[in-house]
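S.K.: Order-wise, the sequence lines are chains A and B.
The working numbering numbers the first residue of the first sequence as 729 and each following residue consecutively.
The working numbering numbers the first residue of the second sequence as 361 and each following residue consecutively.
These are computed hints drawn from the structure, not numbers from a lab.
It cannot be assumed that every hint is accurate.
Derived lysine-lysine pairs resembling DSS-like cross-links, with alpha carbons at most 27 Å apart [to be verified]: (1) LYS680/B <-> LYS839/A; (2) LYS723/B <-> LYS856/A; (3) LYS680/B <-> LYS755/A; (4) LYS954/A <-> LYS969/A; (5) LYS935/A <-> LYS954/A; (6) LYS839/A <-> LYS796/A; (7) LYS824/B <-> LYS839/A.
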Amino acid sequence: MQLNIQHLGKQYKRDFWGLKDFSLEIKPGILGLLGPNGAGKSTFMRMLATITKPTEGSIKWNEVDVVKQPDALRDVLGYLPQDFGVYPNLTAVEFLEYMAAIKGLDAVTAKKRIDELLQLTNLVQAAKRPLGGYSGGMKQRVGIAQALLNDPQLLIVDEPTVGLDPEERVRFRNLLSDLSGERIVILSTHIVSDVEATATHIALVNKGQLLREAAPEKLLQELEGKVWEWMIHSDDLPALKQKHIISGTIRRSDGVQVRVVSSTQPTAEARNASPNLEDAYLFFIGGKQ
Amino acid sequence: MKSARIIYQLARADFLERVRRYSFLVMLGLVVFLGYQTAIGNMSLELGAYRGEFNSAWVGAMMSLIGTFFIGWFGFYLVKGSVARDRETGVGQIMATTPLTRPLYLLGKWLSNFAVLMSMVGVLALAGIAIQLLQGENTQIQLLEFLDPFVFIVMPLMALVAALAVLFESISFLQGGFGNIVYFFAFIMFLPLFMENDTLQKYPAFEPMGLGLLAGEMGDTVRAIHPDYDGSFTLGGGIVEQATTTFVWNGIAWTPEYLFARFALIFFAVGLILFAALFFDRFDPSRSKPRKARSASSSEPTPASTPQAFPAPHLTPLNKSANRFSFFTVLIAELKLLLKGQRWWWYAISLGIIVACFVSPSKVVREIALPIAWIWPILIWSSIGNREVYNNVQQLTFSSASPLWRQVPAQWLAGWIVTLLVSIGAISRFLMDGDTVGLLALLSGTIFIPSLALASGVWSGTSKLFEILYMVIWYLGPLNNAPGLDFIGSHGNGRPEFFIPLSIALVAFAFFGRARQLQQ
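Whole structure, please, built from the sequences with the hints as guidance.
M.R.: The following block contains the structure:
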């Protein structure tokens, strides 16, 4: 099972590329896509999900060109878009039955699967109520359920935890980890802790280009010796912000403890700290904004 | 002063948002087409055997009448939807958190509607100048005489139409397709009522369309020259007799009474907006009817399910044989989507119509019962082809396998089955009476309706286009026997030889449109 992306590009206007020269080879596991707003993550995911046609480049699913033969992927694809709607007059069960039908699941399998998914997404009690009355988080869970209907080999989830309460978020993260063994999961989010908890690989995207792709441990290794912490007077904070990438501040009785990502020691008082993914994100992307 | 600025900024933003849409260009294109039809003589204003010389006053009045009729009728549908857009985009909820009052918000929307309508009128006016020059009967452009009817007749009507669009958007049950149908029939019904109303005949300037005013003024001029004038006054297309004699008409002498009456309509429009503010929910979902909610956030929230324990996520893996596509299952799902959400009385009335078709003689079925049966499910048909876009589900459905060949045929077939179901009484009646001609016309109609709905829905992404197109065809064809449009066979044998190939072309067009959407 392999998804091969070569020189992928999407041009929206004559002088604007949403994505440019994007190459990546994805194997089973969870790939976390990290990048600022407008980086091109959703464009990339929509192209993988066969919704948007690339302007250039290729997407190959097990050696089959998905751009030319989208149906080769659609049968095994689960997709949760960032922004989607539901049919408000249908209940969750009816909506999932509808989605199962167009995904080609037979009725018996669909019924069993829907029951499991409703349990999994904690929607059993609301399953027979019209979707029009669902809250944002509940609607999001219906979206997650429909993405998993056909037991997809490629699962693409764009900002899946938006609107979920902390408990549901943890639940969804666990689910993703559980699912990832024999399939490819591509997860896009702004919530670094979601990626930290689940991703086996991370791709950092900015301005339509792939900046780095590596395992989280590798990214953290690269950051060893580049994260610093020390105390400053709160009046000095604005000046420090001008000079360095600050990844965190904690107010204390004797001033402000700052956490800075920098290749060189910012000041003599600064002591090395253990890096985390947020530091890595800021180091690779923050510095290039 | 502050209020005026708020209204201006609201209207400006809304107007700019609309004019930068592709659909606005389409609207202007249609107005240009209307002007072109007039220029080549397919549309004209005649008073029996007489028509005015093509001077500025006559052309201005003629174009104004075309504007009042067409833009007044269909412009409503083009401008209705600006409040809905704020609701759908969520901008409305943001506005609701500001000190903006309901009347101010609605006045802003009214002004924007008015500006959009007037920009179309402006294009029509430009077309009028071109027509006068092209006709060459009198090439001197008298700007005041030309513009007077636009300012005094069309402008107040557009203010009224803009206000009605806001009013319809403020009243929950008129917001959707039902409101579109109400306006369509109200326009048709009020037109003769205005013309025949005694009070309005006495004070024609108060009649919103200005038809009586122009008919009276022009008629007086013709009568003075040609006493044999029979009083007829027609604005129309190919069915109008060609006028043979011309006369010179120099426009209306606008008296203060006339002007007061016309501008009173604008104040009436403002009054309508203030009235609409009483019904406007100010984007408060708790004030809208939960059952009618079209978007997930617009009705009372369902209480969240209580999280129990914290079960470990588990999903049984599916084996490959589970993936067996069944067209029948998709068809049933599409049928469910079409019919879901209808109240019991909708089904009761449908049943009543079916029974009426069954028990009535063939002729009555053709002329009365079947046309009723075929307008009743209009809001069901109008959701075909655009439901995915309207509900923002397209990313989910379009990324499923073979969206073109699995979903589109099922959608069409579901629409056809609904049409057959409401026609079942008529089909039985025709079969029992051996009316094979009627049956053939009916069957071609059952194919035509879902085909038109599918093509309109796919290409426009809204239900509005089908609702308007279908109502116009239904009204002109089956009800008024306009040549070629009787797809039911109400006044003859129908036209299966035309409507069946047209339906096939429409379905092909819909497939093409959907394929295009899938490849974006």
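S.K.: List in ascending order the numbers of the hints, as given earlier, that are violated by the structure.
M.R.: 2, 6, 7
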